[in-house]
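Given the coordinates of chain A, assemble chain B onto it according to the supplied hints.
Those sequence lines, one after another, are chains A and B. For the first sequence, the positions run 1 to 409 when this note's numbering is used. For the second sequence, the positions run 1001 to 1137 when this note's numbering is used.
If you are wondering where the hints come from, they were derived from the structure by calculation, not from laboratory data. Owing to the predicted nature of the structure, the values given are computational and were not obtained by experimental measurement. One or more of the hints may lead you astray.
Computed list of lysine-lysine pairs in DSS-like fashion (alpha-carbon distance at most 27 Å, straight line) [claimed, not checked]:
#1 B:K1018 / A:K285
#2 A:K361 / A:K399
#3 A:K285 / B:K1113
#4 A:K287 / B:K1018
#5 B:K1078 / B:K1018
#6 A:K128 / A:K333
#7 B:K1120 / A:K408
#8 B:K1039 / A:K351
#9 A:K127 / A:K261
#10 A:K133 / B:K1113
#11 A:K285 / B:K1130
#12 A:K51 / A:K35
#13 A:K324 / A:K87
#14 B:K1018 / A:K367
#15 A:K183 / A:K101
#16 B:K1018 / A:K361
#17 A:K287 / B:K1113
#18 A:K64 / A:K51
#19 B:K1039 / A:K361
#20 B:K1130 / A:K367
#21 A:K395 / B:K1018
#22 A:K35 / A:K408
#23 A:K399 / A:K351
#24 A:K35 / A:K285
#25 A:K393 / B:K1018
#26 A:K367 / A:K393
#27 B:K1039 / A:K287
#28 A:K351 / B:K1018
#29 A:K217 / A:K72
#30 A:K133 / B:K1039
#31 B:K1085 / A:K285
#32 A:K127 / A:K285
#33 A:K69 / A:K35
#34 A:K404 / A:K361
#35 A:K285 / B:K1039
#36 B:K1018 / B:K1120
#37 A:K203 / A:K72
Residues per chain are reported as follows:
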Amino acid sequence: MENFRPVFLESDRCNGCVNCMKRCPTEAIRVRGGKAEIMYERCIGCGECVKVCPTRAKREYYDKIEEIKRFKYTVAVPSPSVYGQFKHQFTDTNLILNGIKRLGFDDVMEAAEGAEYVSAATVELLKKQTERKLVISSACPAVVNLILMRYEHLADYLSPVQQPEEVAANLARAKAEMETDYKGEEIGVFVITQCAANVMQLKESPDARIDGVLSVKELYFQLLHEINELTASEDTLIQLATATRLGVSWGSTTGEAMGLKTDNFLAADGIENVIRVLEDVEHDKLKSLDFIELYACTQGCVGGSMNVESPFLARTRLRRLRNKLPLAQVSVKDFGPYTRKNEYRPNNVFKFSDDRATAMKMTLEAKDLYARLPGINCGSCGAPSCMAFAEDKVKGRLKGAVCKYIGKP
Amino acid sequence: MIHLRYEVDGSDFVSCGKASEDVKRTLKNIGIPSEIIRKIAIAMYEGEVNMVIHANGGLAEVEILPDRITIVLTDTGKGIPDIPKAMEEGFSTATEAIRELGFGAGMGLPNMKNYSDDLKVESRVGEGTKVTMSFIL
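Okay, chain B solo, but in the shape it has when bound:
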């Protein structure tokens, strides 16, 4: 098993994606099929952006097993009050300024769901959010 751990810097979302970039390279080293790498890259990138926009950063952990990859994103942000609502395409609580920059289109969690084989979102308002995504190899 390979375990990767990244602190996601919450101060600069324009340059975010560093963790998913390193994960991508690692998966290439292992020889994971490219279509799966792309799904993981998109889902993880969306997760990183979410943590930066909504929670001032957090922790990204990746567990690689021979048959499965699991990504756990943990933050101590404000939490999601209504998870089913947050899962709807186009629903967004991002500020106007963030949307101006092309982020916060309300596709983050929906994309993470679409591109992963399993998505679990746990959240407590005021305490933080934990997103677990699994990909079957």
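Looking at chain A on its own, in the form it has when it is part of the complex:
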């Protein structure tokens, strides 16, 4: 299967520095011929390379808003972190949602609404955990991908519950079909999101029909304009906001766990902290917990690379806004209907060969080469570490790269 490409390189802008390569948590980047190359089979869509790139050469893939013209009736599904992107006067979800509608949509369904169902389903899931209780959140698709690639044996801990955007998209479509005469193909559901991982996950979702995934940053100035217009006009707002405090809280870290009726949870954000926690899970040190919430981005989804505001300020705003909302909680009888269709499929991209004897032979070669390398992970060969250089050699991926200390390997 062709790998989805959540980020891409604008080659002209790339100056061949090694920042993205050193930052990538799955060692998916090499610098060859002075340009960063992405090994897409390893890309988890975390957006770290986008955030760290000093020349803005790394870009996220997302759909354009013009796509909505293909449909007769359109619904926007904004992710909860969107609410944290506006100044204090605008900390009102309904105002922001009315602004989003004015971008050209016929209706808006908050992903936060979907999040409330995800929370309710997760509460039921936690009740049913008897043998081994720990559940790891599957809300951050970058974390899910990281686990499937680097911590495959922790895949069993991942929550099988769908993404808030998927649940919301299904609610949106059902509502549109019930309230209008439009059917199936005529209705376009568009998520507005903060991150490349979400685009990657939702574009290929088997659990919801999502017709496009748009980026917050591309819509931001138009949206700000619409909100300003709304504030200045005498028009009354349509009641579009339905989500309560618990759903909106999902925009930043601990938001999800707040809705789970347990305080025996751990929450961490930032990809290196996520890795630390996963190492602890792997070493069996966290099995007494009920739930672990992990986000690849600092402060959670507010830290997504397609948001515009500082994650810290956005989190403050989200908190102030959410505290104005009622505290109500939906409940579901069973988490079954909210379960993902596809099982998690671990993906060991580090394996040298399917044949063990061959793989062992290649491992020996890599270890021999590694022993001759300086071990300082300088990156000047175009690989993120000396070990990655040795692995590339035996995999035939060097493409002429040399070590500045030992020369041609």
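Same frame as chain A, now just chain B:
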């Protein structure tokens, strides 16, 4: 056969686990099933922590054969006077300070036994300890 050798630094147990991390990557390269990698990672990590807490570090050696992985942990620490007692879950001689940090819960050797297919502990008081763990592939 692949032979890996690591000096386990006894001075810093908070950052210990470096050897098991490298072993994990190597096993992934070879394509060892993930559930076996996890057993090895836990057992080896516990072994590393033990050597750091009780013996000021030591030597970790890993031998990978097509059908079996053997890990030998050798230290020159104070030794274990009563091995059956040390194998009991919850029995620990770690200091209060170490327990405060979440280590020394008395699960080290029991976990190493649970997660390995065979565990052998040899020890002489005042001379050191040798722990041999085997995993069948």
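Taking the hints in turn, this is what the structure says about them:
no., hint, verdict
1, B:K1018 / A:K285, "holds, 16 Å"
2, A:K361 / A:K399, "holds, 21 Å"
3, A:K285 / B:K1113, "holds, 17 Å"
4, A:K287 / B:K1018, "holds, 22 Å"
5, B:K1078 / B:K1018, "holds, 23 Å"
6, A:K128 / A:K333, "holds, 12 Å"
7, B:K1120 / A:K408, "violated, 44 Å"
8, B:K1039 / A:K351, "holds, 18 Å"
9, A:K127 / A:K261, "holds, 10 Å"
10, A:K133 / B:K1113, "holds, 23 Å"
11, A:K285 / B:K1130, "holds, 24 Å"
12, A:K51 / A:K35, "holds, 17 Å"
13, A:K324 / A:K87, "holds, 15 Å"
14, B:K1018 / A:K367, "holds, 16 Å"
15, A:K183 / A:K101, "holds, 20 Å"
16, B:K1018 / A:K361, "holds, 24 Å"
17, A:K287 / B:K1113, "holds, 18 Å"
18, A:K64 / A:K51, "holds, 21 Å"
19, B:K1039 / A:K361, "holds, 23 Å"
20, B:K1130 / A:K367, "holds, 26 Å"
21, A:K395 / B:K1018, "holds, 24 Å"
22, A:K35 / A:K408, "holds, 20 Å"
23, A:K399 / A:K351, "holds, 19 Å"
24, A:K35 / A:K285, "violated, 41 Å"
25, A:K393 / B:K1018, "holds, 23 Å"
26, A:K367 / A:K393, "holds, 11 Å"
27, B:K1039 / A:K287, "holds, 15 Å"
28, A:K351 / B:K1018, "holds, 20 Å"
29, A:K217 / A:K72, "holds, 25 Å"
30, A:K133 / B:K1039, "holds, 19 Å"
31, B:K1085 / A:K285, "holds, 23 Å"
32, A:K127 / A:K285, "holds, 22 Å"
33, A:K69 / A:K35, "violated, 37 Å"
34, A:K404 / A:K361, "holds, 26 Å"
35, A:K285 / B:K1039, "holds, 13 Å"
36, B:K1018 / B:K1120, "holds, 23 Å"
37, A:K203 / A:K72, "holds, 20 Å"
The structure fails hints 7, 24, 33 (numbered hints given earlier, in ascending order).
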